[in-house]
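**Student:** Residues per chain are reported as follows:
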Amino acid sequence: DAKTTQPNSMESNEEEPVHLPCNHSTISGTDYIHWYRQLPSQGPEYVIHGLTSNVNNRMASLAIAEDRKSSTLILHRATLRDAAVYYCILRDGETSGSRLTFGEGTQLTVNP
Amino acid sequence: DAGITQSPRYKITETGRQVTLMCHQTWSHSYMFWYRQDLGHGLRLIYYSAAADITDKGEVPDGYVVSRSKTENFPLTLESATRSQTSVYFCASSEPRTGFSNQPQHFGDGTRLSIL
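From first to last, the protein sequence lines stand for chains A and B.
When you read off a place in the first sequence, starting at 1, and then add 154, the result is the number in the numbering used here.
When you read off a place in the second sequence, starting at 1, and then add 983, the result is the number in the numbering used here.
Honestly, the hints are just simulated from the structure, not real lab data.
As the structure is a computational prediction, the values presented were derived from the model and not from experiment.
Virtual Cβ for every residue (Gly too), placed ideally from N, Cα, C.
It is possible that part of the hints are untrue.
Here are some of the chain A residues that sit facing chain B, going by a computed Cβ distance under 10 Å [unchecked claim]:
| hint | residue |
| --- | --- |
| 1 | SER195 |
| 2 | LEU205 |
| 3 | LEU254 |
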């Protein structure tokens, strides 16, 4: 499986934008880029995913580099509730129900 | 409420005992998964199931048994619990992919299992 590299931790201030980077230099053409987050004492929660184009939803935006070797999850206005571990995961789009392979993720701290 | 429910939320047991963790989903999702989460290892896949009566091993299946007689239930059994199986266990479900799009996995809140 292609691997991802994320910073171990990041900090942000409340109501400011947050850019969480992810490197995936060995991504294949059929790999989707998924982001999940895990709040304390909860299961992981789906955030967003994309293939080539930038994506927006109510939770976040995903910016994908033109060569697809990196991506950035953007939280437009961080809240205290956004403090979580964020996982960037590559998922094979050709395999039905393909598993998620979690790395260590980025621990996001949001300061009031 | 619709969703995915795990039970029990907390369990303490002794080595050698059999333990079954329950997972129930109300979406009729085809796929279901069991993960364990340990410090320093992130989440690791134990077993998964593509449909009722179809199961397959994940990354760390040793010491675990699963069954799926009904679409909505996917119990995980530790036949003879060991201390190394102390962990947080998460169940998840998803639809199979449609065309080229990936369906997200939906996770339960986990079962915290301690084996003494």
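**Student:** Of the hints given before, which are not true for this structure?
**Tutor:** none
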